[in-house]
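Chains A and B supply the protein sequences, listed in that same order. Okay, so the first sequence: first residue is 24 according to this note's numbering, each after it adds one. Okay, so the second sequence: first residue is 24 according to this note's numbering, each after it adds one.
Among these hints, one or two may not hold up.
As the list claims (entries may be wrong) - Here are the simulated DMTMM-like pairs of lysine to aspartate or glutamate, each with C-alpha atoms no more than 20 Å apart in a straight line:
1) 180(A) - 172(B)
2) 180(A) - 76(B)
3) 180(B) - 176(A)
4) 180(B) - 76(A)
5) 180(B) - 76(B)
As the list claims (entries may be wrong) - Footprint (simulated), chain B over chain A, 3 or more residues, beta carbon under 8 Å:
6) 115-125
7) 201-210
FYI, nobody ran anything at the bench for these hints, they're computed from the structure. Since the structure is predicted, the reported quantities are computational estimates derived from the model, not experimental observations. Idealized CB from N, CA, C, for every residue including glycine.
What follows is the residue order along each chain.
There are 2 protein chains.
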Amino acid sequence: MDHAATPPSNHPPSESPAAGSPRTRALTEVPALTEAAIELLRTPNSLAMLSADDALVVVTHMRLVTFPAGALMLREGDQSPNSYMLLVLTGDVSVEMNDPASTHPMEVSVLGPGSLIGEMALLDGQARSVSCVATSTVQAGGLSRKALERLIDVHPKVAARLMVAIAKRLSDRLRAAGEQLAMMSQIGKA
Amino acid sequence: MDHAATPPSNHPPSESPAAGSPRTRALTEVPALTEAAIELLRTPNSLAMLSADDALVVVTHMRLVTFPAGALMLREGDQSPNSYMLLVLTGDVSVEMNDPASTHPMEVSVLGPGSLIGEMALLDGQARSVSCVATSTVQAGGLSRKALERLIDVHPKVAARLMVAIAKRLSDRLRAAGEQLAMMSQIGKA
Numbered sequence: 024m025d026h027a028a029t030p031p032s033n034h035p036p037s038e039s040p041a042a043g044s045p046r047t048r049a050l051t052e053v054p055a056l057t058e059a060a061i062e063l064l065r066t067p068n069s070l071a072m073l074s075a076d077d078a079l080v081v082v083t084h085m086r087l088v089t090f091p092a093g094a095l096m097l098r099e100g101d102q103s104p105n106s107y108m109l110l111v112l113t114g115d116v117s118v119e120m121n122d123p124a125s126t127h128p129m130e131v132s133v134l135g136p137g138s139l140i141g142e143m144a145l146l147d148g149q150a151r152s153v154s155c156v157a158t159s160t161v162q163a164g165g166l167s168r169k170a171l172e173r174l175i176d177v178h179p180k181v182a183a184r185l186m187v188a189i190a191k192r193l194s195d196r197l198r199a200a201g202e203q204l205a206m207m208s209q210i211g212k213a
Numbered sequence: 024m025d026h027a028a029t030p031p032s033n034h035p036p037s038e039s040p041a042a043g044s045p046r047t048r049a050l051t052e053v054p055a056l057t058e059a060a061i062e063l064l065r066t067p068n069s070l071a072m073l074s075a076d077d078a079l080v081v082v083t084h085m086r087l088v089t090f091p092a093g094a095l096m097l098r099e100g101d102q103s104p105n106s107y108m109l110l111v112l113t114g115d116v117s118v119e120m121n122d123p124a125s126t127h128p129m130e131v132s133v134l135g136p137g138s139l140i141g142e143m144a145l146l147d148g149q150a151r152s153v154s155c156v157a158t159s160t161v162q163a164g165g166l167s168r169k170a171l172e173r174l175i176d177v178h179p180k181v182a183a184r185l186m187v188a189i190a191k192r193l194s195d196r197l198r199a200a201g202e203q204l205a206m207m208s209q210i211g212k213a
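Next up, chain A with everything else stripped away, as it sits in the complex:
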């Protein structure tokens, strides 16, 4: 079975999507998606922003992964030493968490093109904190931990700028979570 951003031989079974076995190829084989990925990677950022050339270098390290509608892209709790993250290029993704009070998972958010998923487990090697389900056909650029390490080795400046962009996205999400927590704490008091 082929997989996001790792060759089949390295494919850890715990990371296999439950529904739909995505087939991968080099993202640069599809010029339109390559262009889309470059644009989506260039997060507006006054600090160390990726240039179009930088973004192309990142894209050449990505695999194109296609998930059919309904496919489980990442599963909450899964853990793998060779994790990967996905840059959503087309389609929509439902982000879900187990709800201990229900037999159905709880939808936390819906993400579209430009969203990055799976970057936390890529960074810390810990278990996936959420599940991601394709709600339509999803095309994504996959970057494995090994590909990121290769990028740091061969194109360190590009890798540093990519990491700034990723850290910025995490920072945005952390600000949003902080605001949500403050709001919930206010509601709790009232």
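Starting from the known structure of chain A, arrange chain B on it as the hints suggest.
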């Protein structure tokens, strides 16, 4: 007035600590603190961990900032184009947020040596999301946006590994915030 990680001439008034004007010098002028900073920077991380040599390179780009007990280290809402982050080396820091329901700020957490503060505003240039107050004398290594840009330029591989370490810390905090939100949502339902 001297300041965290920017020369006085670049010192944006909005970033000035309200209590106590910290004086800075090169962190490497103090060997014991240099050693401490190196150890604290080497966050255990299976991905692209900083070596002791890498950490020393980062430390040479840091300024030593000393805050007296009671000093406001960062002020919620402050924004500056040349922001900076602080690696706490000694002492304790109270993290506080404005509480609209009270005239007193709400203490969100207490941080000790090894904690990184101010990295979000460094990354995104947005306003500080919290205030940080020194509860004892705090010595910290300050890294400005300019110093980080210089690091990316001159030591890109070290910068990439530092950014991985920073992103990992943000990721840890995001996981913790997610768990807190899930818990509060459960309490809200019950």
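Hints, one by one, checked against the model:
no.	hint	in the structure
1	180(A) - 172(B)	holds, 10 Å
2	180(A) - 76(B)	holds, 18 Å
3	180(B) - 176(A)	holds, 7 Å
4	180(B) - 76(A)	holds, 18 Å
5	180(B) - 76(B)	holds, 12 Å
6	115-125	holds (count 3)
7	201-210	holds (count 8)
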